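With chain A held as given, fit chains B, C and D with the ligands onto it using these hints.
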Amino acid sequence: MVLTRLLEERLGDLHKAGKTRGPIHRCDGQEAVGVGAAAVLTDADFITTTHRGHAVYIGKGLEPRRIVAEIFGRQTGYCGGRGGHMLLGDVEHGMLGGNAIVGASIPAAAGMALSIQLRREDRISVAVFGDGAAQTGICHETMNIAALWKLPVVFLLEHNEYGLTVHHSVQSSVPDLHLRAAGYGMPGEQIDGNDVIAVHQAVSRAAQRARRGDGPSLIEARTYRLEGFSTSDMGGYQTPEELAAWRRRDPIPQSREILAETLGATRVADVEAAAAREIEAAFETALADPMPAFVPHAPSVPYTARGEGA
Amino acid sequence: MVLTRLLEERLGDLHKAGKTRGPIHRCDGQEAVGVGAAAVLTDADFITTTHRGHAVYIGKGLEPRRIVAEIFGRQTGYCGGRGGHMLLGDVEHGMLGGNAIVGASIPAAAGMALSIQLRREDRISVAVFGDGAAQTGICHETMNIAALWKLPVVFLLEHNEYGLTVHHSVQSSVPDLHLRAAGYGMPGEQIDGNDVIAVHQAVSRAAQRARRGDGPSLIEARTYRLEGFSTSDMGGYQTPEELAAWRRRDPIPQSREILAETLGATRVADVEAAAAREIEAAFETALADPMPAFVPHAPSVPYTARGEGA
Amino acid sequence: MAMMRYAEALNRALREEMARDQTVFVFGEDIASYGGVFKVTQGLAEAFGDRVRDTPISEQTLTAMAVTAAMTGTRPVLEIMYADFLPLSLDALVNQASIYNYIWNGQVTMPFVLRTQGGGGVGTGAQHAKSLDSMVAHIPGLRVLAPVTPADARALLKAAIRDPHPVVFLEHKLLYNTRGEVPDDDTLGEIGRARIARAGRDVSIFATSRMVLEAEKAAAELDAAGISAEVVDLRSLRPLDLDAITASVGRTHHAVVVNEDWRFCGYAAELSATIMEHAFDDLDAPVERVATLDMPIPYAETLEREVIPDAARIAAAARRALA
Amino acid sequence: MAMMRYAEALNRALREEMARDQTVFVFGEDIASYGGVFKVTQGLAEAFGDRVRDTPISEQTLTAMAVTAAMTGTRPVLEIMYADFLPLSLDALVNQASIYNYIWNGQVTMPFVLRTQGGGGVGTGAQHAKSLDSMVAHIPGLRVLAPVTPADARALLKAAIRDPHPVVFLEHKLLYNTRGEVPDDDTLGEIGRARIARAGRDVSIFATSRMVLEAEKAAAELDAAGISAEVVDLRSLRPLDLDAITASVGRTHHAVVVNEDWRFCGYAAELSATIMEHAFDDLDAPVERVATLDMPIPYAETLEREVIPDAARIAAAARRALA
Ligand SMILES: Cc1ncc(C[n+]2csc(CCOP(=O)(O)OP(=O)(O)O)c2C)c(N)n1
Ligand SMILES: Cc1ncc(C[n+]2csc(CCOP(=O)(O)OP(=O)(O)O)c2C)c(N)n1
Ligand SMILES: [Mg+2]
Ligand SMILES: [Mg+2]
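Keeping their order, the protein sequence lines are chains A, B, C and D.
Under numbering that gives the first Met the number 0, read the first sequence as residues 0 to 309, first letter to last.
Under numbering that gives the first Met the number 0, read the second sequence as residues 0 to 309, first letter to last.
Under numbering that gives the first Met the number 0, read the third sequence as residues 0 to 322, first letter to last.
Under numbering that gives the first Met the number 0, read the fourth sequence as residues 0 to 322, first letter to last.
The set of hints was computed from the structure by calculation and includes no laboratory data.
Remember, predicted model here, so these are calculated numbers, not experimental data.
Hints may be right or wrong, so weigh each one.
What the hints assert, rightly or not - Pairwise CB distance ranges (calculated):
no., chain 1, residue 1, chain 2, residue 2, range
1, B, Ala-181, A, Thr-238, 21 to 31 angstroms
2, B, Gln-74, D, Arg-192, 31 to 41 angstroms
3, A, Ala-272, B, Pro-174, 48 to 58 angstroms
4, A, Glu-283, D, Arg-192, 55 to 65 angstroms
5, A, Glu-241, B, Asp-121, 34 to 44 angstroms
6, A, Glu-241, D, Gly-48, 21 to 31 angstroms
7, D, Ala-246, C, Phe-279, 17 to 27 angstroms
C-beta: ideal position from N, C-alpha, C; glycine also.
In isolation and in its complexed conformation, chain A is listed as follows (with noise of 0.2 angstroms):
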């Protein structure tokens, strides 16, 4: 989490001083909820996120330095900077991928789950999804076909009250959404988000039904984004006093405390300084990484190969 916090304010950082390309999502506040489920699984297992996935990319294992790289369209990156913060995956790690349109990141773990079920592997897959995402034609489908065929897939909810700028009370019929999981017959259950050790029990259970062939569970995790919805909005929907209450309730804090009271304090700050040092380190070298040099994608181009066409 904190690395993930790290590398998000950097961004914030730089993107200030106008070195980013494009906006940056960053899920500063959020990151429990990226770092706790990731933390349930393997690398076999499966997890597509969202356009703000930083703390998955982060909590699935994956390399500050080459996270930096893709963002900064660097050879090195995990795309060799043809994906970009919002498409990276990185097969290895079983992450298959930051989804940019919302609510895609939902079938995408379906149709993995489905790979995993008629191989009859020992993998589940997670989907990680907003609280806009939730309101997608796309959502519906994949829940019942899921729920219908006992496919081995967590749909970890990340509620952080806002579709880009817009109150989910405007996008949502319901407050609550695990609600909607008593449609499809599966269980649904809401969780604070901000509570890592909390996401990462929830998680552990629904990964566990997965496991055993009982099919799905929904998870609703309320979080919030402490930065807005990316470096290019101009914010002004969201109240001080809301952002102060969330503030209090800032994951990297809380979760400082509880891990002070068993490692002790020592051990926690040792941590976060070498957390700083790696994602200072990412920095420095990904961004004298070289820029990648362009090539043809073979797959697309629309005349058979001995064709002089293209």
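Then chains B, C and D with the ligands, alone, in the frame of chain A:
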């Protein structure tokens, strides 16, 4: 209902005689839903329906003669033979369409309800759709939007146990679809769709709610297709026991009995005889009507009118 | 060699590939217990159990699931009942399937096949008679195939299933009952190769799917009038066999293109542009484009037949090209 | 006349039409309280209340609702945030909007406008940088407009709102901040009329949307080399102003077409085919087609700029046409 049934039977016969073009989706056994619902509405109210809309066409007051003419692609049909049996529309009676894209009748009715709401009119719209359609993404999106905006629309789910050849249990993660209404914070109820009075009452309640500005409702009317999916379907997937059980619950004899109690058996027989004469005459005239002559569609021409193209 | 229906040839390809490769699975609406509304998947559920699945009516999600199932070790074959429903699959095709092999820098391939059928001629009306070829042929990273003979149906479906990239496989409702010889050996079709359906000297007619049959009728008619037409069955809409096209035009100096999708921005437009770009100097006249009239497809027989191309319109176009 | 940004010109058109006609309403994601992510709808919610609505993320349904709202007495203007999401709207466009005026025998019209913006150049990646012009221009019964100047943005959006048929209105993310003179009178744009952006003698460059600006740059560059290029801003992709095209080719005998959608089966293919069909004898060389390379749009700047057409590629095409 009797009109519809006779229409269906006659169409079935003509299909067997090879006189129709393409399959016909008969609604034998389901007449109570379309007819009972449409009876709640005036010409000013809108209704949308599916590929299986004959009962709605008749219920909304359309003339059998022009329905038959449309089905047989005649110039005198409601759409001059351009639409056909699945896509028939008649603005005068607010019958805004059969629709053969499964699920499409749902947002269609909601769009009309939005137009009613924006213009502050005293009308409502009703979406008739199947149990198969309830699994589509647009069903979810529409219900969320309609409930959120309190649109004056009634969702009438015609649950006939099958979507094409596939039983509901193979398509839906839950047996009772009205339960999904809770996920949108709107009322949902299940009724006997073969009981025309129950349909009328439930739709009346929902219509009043919609007219009051309290928003949509979901009615799940349980019924059954006695003649299978369409005239092209080869059957075999409905068990004889199931068919026999539902035949005993055929809405037509059921209503006949009830009506006979209040109106007397002679009155009922007279009405049925009149219906038979009307259908007879409808087929006779319609089948003698001229075929339409081809005219291109000006708004579809892709070059500016003064141009020489197309 | 065995004589069989187009639908049977497809069925055989599916059976053979499913038997050969455990990762191939088939899903779609009404395809398992009923065997598909066009009976292409008949008997597969009995033979392969769980690997043949009836689905809810959820085209958009099914297509999206095919993409990621393909990316994680299986080879899905998805049936979309009518080409008219392709728009529902399009987000998954253009925003998902199309991109990953490239944007993830080659980390994944996506071996899936989306089978569907389009076309008019039987009074199914504006929502069930379209051919939306250009919408899918437009998408980078995809292959689009449209075999017209039973032999090609089998051979190309097998090739499609084995291909590492997403394939949209376009069938036609009026082809399922056509019959032809199908070889017994394990022939794979070659993606991106056209076929000369009938050799000729005066004009080249490039056609796709069922329009190849209409083109052959037109060629017979023209022959009677002393015009020798070459009919080229393109088979592979993307990638397109440019060499076969330029070679044919190099021989005949006149070209007609025929496709059942709408004319404007349709697949025939691409063919016409490609030919004129690559064979401008060989052409003695502009390429004649024959396609479905730009309008919704009407229901009544008297109207529908004016809208969809047929042998007469093709023959007339060939005459215009030669005029 | 007033100097204003393209986004402001659109905003003005919306305000004027909403004030004039109570049945016009505007809806879409983040368009009310936030004023739209590109700020086109800023201030409308304050001025028109309920007639300006933020929506859930449900493009498919919103488009379908626009169709029937339009058919029952209102004039919806729907904003779809990115053209990349057009596939989600496509079923409603091709299977609903496109058909009713015809198949219901003229009983209904559908006066709605779907505004969206496409195009690359700012690193938004494979899912947020496309131009899917040909997919919508392919659809019968629709109009497709793509103004490049602020004046046309206002005039054509007003015309689109008043038109009885569905209009897809294509904007470009790099145009919103461009500035230009906009007349004060109530001018309506004429749908289906191209505009000569720059007169020339040697070669005609037909371009759409932002590519008109690149074509103008190319023309300036060619001018310096002694080549006089005419730049035609097509503005209306469907219906297309065929007379303006043939007249220009009649003068220059050489043509380049430029469009930011992918090349294969893209809008440029239609332009190329149309020109060669209608001006074959006037052409001294095949039409040169310039479009986005057939591949997913990459994220990194060094890659993206190779893929999307620019002035240099247009100028090179013009030189090839004249070679
Ligand atoms: C299909 C689609 N529609 C719209 C958008 C534009 N968009 C990007 S993010 C977003 C809001 C998503 O809200 P939510 O799912 O709650 O995710 P969050 O940003 O809150 O993490 C929108 C509307 C998109 N990317 N894809
Ligand atoms: C989007 C779409 N997918 C598939 C079909 C093919 N199809 C036509 S009717 C039907 C079954 C519909 O089931 P249901 O909604 O229960 O209606 P019913 O036929 O039972 O009245 C299917 C799959 C279609 N017309 N549209
Ligand atoms: Mg959110
Ligand atoms: Mg049903």
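Do the hints match the structure? See the list:
A hinted range of 21 to 31 angstroms for the beta carbons of B:Ala-181 and A:Thr-238 is consistent with their spacing of about 30 angstroms. Take B:Gln-74 and D:Arg-192: their Cβ atoms lie about 36 angstroms apart, and the range 31 to 41 angstroms holds. A:Ala-272 and B:Pro-174 have their C-beta atoms about 57 angstroms apart, which keeps the hinted 48 to 58 angstroms range intact. Range check, A:Glu-283 to D:Arg-192: about 56 angstroms between beta-carbon atoms, so the 55 to 65 angstroms window is met.
Checked against the hint of 34 to 44 angstroms, the C-beta distance between A:Glu-241 and B:Asp-121 comes to roughly 40 angstroms, which is consistent with it. The hint said 21 to 31 angstroms for the Cβ distance between A:Glu-241 and D:Gly-48, and at roughly 25 angstroms that hint holds. For the hinted restraint 17 to 27 angstroms between D:Ala-246 and C:Phe-279, the CB-CB distance of approximately 22 angstroms keeps it satisfied.
Hint check: no violations occur; every hint is consistent with the structure.
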